[in-house]
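Trainee: Following the hints, complete the assembly by docking chain F onto the known chain Z.
So you can see what is in the structure, the chains are spelled out below.
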Amino acid sequence: MSTARLRDLRVFPGFGLLSVGCVVFLYAPIVVLAIYSFNDGRSVTRWAGFSFRWYQTVFANQNIQTAAINSVVIAVIAATVATVFALGAAIATVNRKKGGGEGAYVVLTFPLMVPEIVTAVASLVFFVAVGISLGFATILIAHIVFCIPFAYLPIKARLESMDGTLPSAAADLYASPAKAFLRITLPLLVPGLVSGWLLAFIISLDDFIITALVAGPGATTLPLHIYGMLRLGMTPEVNAISTLMLAASTVLVLISGLLGQAGRKH
Amino acid sequence: MQRAIKHPDPRPRAESNIVPMAGSDPVRHPNSVAAEVRNLRKTYNAGTPHAHEALKDVDLSIRANEFFTLLGPSGCGKTTLLRILGGFEMLTSGTCRIFGEDVSRLPPEARPVNTVFQQYALFPHMTVRRNIAFGLEMLGKPRAEVESTVERMLDLVHMTDYADRRPDTMSGGQRQRVALARALAPQPKLLLLDEPLSALDLKLRQKMRLELKSLQRETGITFIFVTHDQEEALAMSDRVAVISNGHLQQVGTPEDIYEQPQSRFVADFIGESNLIEAKVAGVTGGEASLDIEGFGKVHAPVAERVEDGQKVWLSIRPERLVLGSGDGQERAKVTDRTYLGNAVEYHLHVGEHALTARSPRGGLRGRQDFAPGDVVSVGFEPGSIKVLLS
Numbered sequence: 001m002s003t004a005r006l007r008d009l010r011v012f013p014g015f016g017l018l019s020v021g022c023v024v025f026l027y028a029p030i031v032v033l034a035i036y037s038f039n040d041g042r043s044v045t046r047w048a049g050f051s052f053r054w055y056q057t058v059f060a061n062q063n064i065q066t067a068a069i070n071s072v073v074i075a076v077i078a079a080t081v082a083t084v085f086a087l088g089a090a091i092a093t094v095n096r097k098k099g100g101g102e103g104a105y106v107v108l109t110f111p112l113m114v115p116e117i118v119t120a121v122a123s124l125v126f127f128v129a130v131g132i133s134l135g136f137a138t139i140l141i142a143h144i145v146f147c148i149p150f151a152y153l154p155i156k157a158r159l160e161s162m163d164g165t166l167p168s169a170a171a172d173l174y175a176s177p178a179k180a181f182l183r184i185t186l187p188l189l190v191p192g193l194v195s196g197w198l199l200a201f202i203i204s205l206d207d208f209i210i211t212a213l214v215a216g217p218g219a220t221t222l223p224l225h226i227y228g229m230l231r232l233g234m235t236p237e238v239n240a241i242s243t244l245m246l247a248a249s250t251v252l253v254l255i256s257g258l259l260g261q262a263g264r265k266h
Numbered sequence: 267m268q269r270a271i272k273h274p275d276p277r278p279r280a281e282s283n284i285v286p287m288a289g290s291d292p293v294r295h296p297n298s299v300a301a302e303v304r305n306l307r308k309t310y311n312a313g314t315p316h317a318h319e320a321l322k323d324v325d326l327s328i329r330a331n332e333f334f335t336l337l338g339p340s341g342c343g344k345t346t347l348l349r350i351l352g353g354f355e356m357l358t359s360g361t362c363r364i365f366g367e368d369v370s371r372l373p374p375e376a377r378p379v380n381t382v383f384q385q386y387a388l389f390p391h392m393t394v395r396r397n398i399a400f401g402l403e404m405l406g407k408p409r410a411e412v413e414s415t416v417e418r419m420l421d422l423v424h425m426t427d428y429a430d431r432r433p434d435t436m437s438g439g440q441r442q443r444v445a446l447a448r449a450l451a452p453q454p455k456l457l458l459l460d461e462p463l464s465a466l467d468l469k470l471r472q473k474m475r476l477e478l479k480s481l482q483r484e485t486g487i488t489f490i491f492v493t494h495d496q497e498e499a500l501a502m503s504d505r506v507a508v509i510s511n512g513h514l515q516q517v518g519t520p521e522d523i524y525e526q527p528q529s530r531f532v533a534d535f536i537g538e539s540n541l542i543e544a545k546v547a548g549v550t551g552g553e554a555s556l557d558i559e560g561f562g563k564v565h566a567p568v569a570e571r572v573e574d575g576q577k578v579w580l581s582i583r584p585e586r587l588v589l590g591s592g593d594g595q596e597r598a599k600v601t602d603r604t605y606l607g608n609a610v611e612y613h614l615h616v617g618e619h620a621l622t623a624r625s626p627r628g629g630l631r632g633r634q635d636f637a638p639g640d641v642v643s644v645g646f647e648p649g650s651i652k653v654l655l656s
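Residue numbers (this note's numbering), protein chains in the order written: chain Z, 1 to 266; chain F, 267 to 656.
Incorrect hints may have been included.
As the list claims (entries may be wrong) - One side of the interface only, derived from the structure: several residues of chain Z facing chain F at Cβ under 10 angstroms:
(1) Val130
(2) Ala171
(3) Asp172
(4) Ala180
Just so you know, these hints were derived from the structure itself, not from any lab.
Ideal Cβ placement from N, Cα and C applies to all residues, glycine included.
Isolated chain Z (complex conformation):
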């Protein structure tokens, strides 16, 4: 071993082992959960052979299907509306540091740091005070609102990395402000928009706390339904539905990340 390698601060004895420990601790439960979703038995701790029976149960379960459709519909609408709002917010705040842009940025992203239970209780109190009956609509409104900062960040980053003289160049070449936006700014923002939309979609799909508080007796989403199933007893059916959600989230995060990378290369 050379002296250069010994002096390298990155070579810290025991650090590698610690890293492996952390990774195992993070992922082992998830791996176990996924493995037992294929268990042939009813236990989530004792292996009784490989089977897809719990997946079949999941797909046959009418309640799970309703909850899943609810979740997806809410996530699609919430992500789309939040992305539109976030796009407006990003355009208004970027390149306007002095005119309140900095303040607006703090206000927009502060909800990311507010404990979720506080937002949840606040939303519930607000809906009750205003007199909106709890149900699908209140879940949707709450999701749109808390998705905005998540959609905002990637769009803002993309807009900031864009050459600010491009809209000027478009105006110089006889494009009206609307045309300059549609032909130049919007196409260049697409990776940020997609990335922001996917992030908002995942956040909405996975949300439990806020949804639990503002959901009415009739409306339910997938996370709420899973929680309900747990109270009736742990079966690999819960593992199966969780694994499916995990797979969906992973794919979306990957797409979002790849798009972000493609955007940076430009």
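Mentor: Just chain F now, kept in the frame of chain Z:
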């Protein structure tokens, strides 16, 4: 706000690269004024403690078909003036006309003007061809005309082979050419160029100077070029406006600006100059006798009225100083000698004054070489002294 786009109708084209320009046709508009600003003022953050006057009462006329350069140090207001002409910046007061039309309140898209931006600002999601076609499409030109003009422009800037590439796969010089083609394609009445050569390396910059100048001649479009590089300005321009601190210092041909500077700033900024303080000691028939402390009297023509005892500055180019020895007039001491390859530069002390002389080496025109410590005589070539009052 008026948004009508006034634009010259394209006329039948000749079988060449030359773009016919209705707006700047010398036959139809003999000696016409391409751009004119009057009493132009631009104040940033007006009415706040951070108010900054970028341009102060600027009057300027730019002729049609001219290669006109705005020259000055960074922060002097030259780019602000260009941005006002392009419509990217609103003037605070005064007027701004382009071929007679008051454009002061028009947005950029309503002005018959195109810009080559400093960092080119090419649209990264479009090919070279789409970039060049953009302006024509926005003007609503028929597709056939757009395509033929784009081909002509690609040919004009020698970029036909790169037509389907994206800007981010190209070198600085290539992007520069695309930016030029994109700005020329809609046949603007004025082409604004914002330090377009500053991002290129020296060799390429010198090559592009020549190309820009011949492009201007070929197209007949009025070019307004912004630079802080005086060499660039002298090499390319028909006329140069020297700007400093928001004021127009002097407007003239490169020769005028270099040979007949009107102020110490211009004399110092354009090329190099020895600036010496002197006192007027008598005027006879347009020629003044000038007393330089610690040196003696010299004579030089004066254009303006000066009075005896008035303090003035003398500007003398280093290459017009004549050094000698053995004539009994040795009053200057050589403090430093710098070899420049094509010349030798001597730094001299004459009394309190520090002077710089530059001479081609090796006894040319009877000149000798000197070493630091030598005491030499200093003479001025006839007509080399320029008297400056400010």
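Trainee: Next, verify each hint and record whether it holds.
Mentor: Hints versus structure:
Given hint, valine 130 of chain Z at the interface with chain F, is violated; its Cβ is 42 angstroms from that chain's nearest Cβ, farther than 10 angstroms. Interface hint at alanine 171 of chain Z: satisfied, since its Cβ lies 4 angstroms from the closest Cβ of chain F, which is below the 10 angstroms cut-off. A cut of 10 angstroms between beta carbons decides the hint on aspartate 172 of chain Z: the least distance to chain F is about 5 angstroms, and the hint holds. About 8 angstroms separates the beta-carbon of alanine 180 of chain Z from the nearest beta-carbon of chain F, less than 10 angstroms, and the hint is met.
Hint 1 from the earlier list is the only one contradicted by this structure; the remaining hints agree with it.
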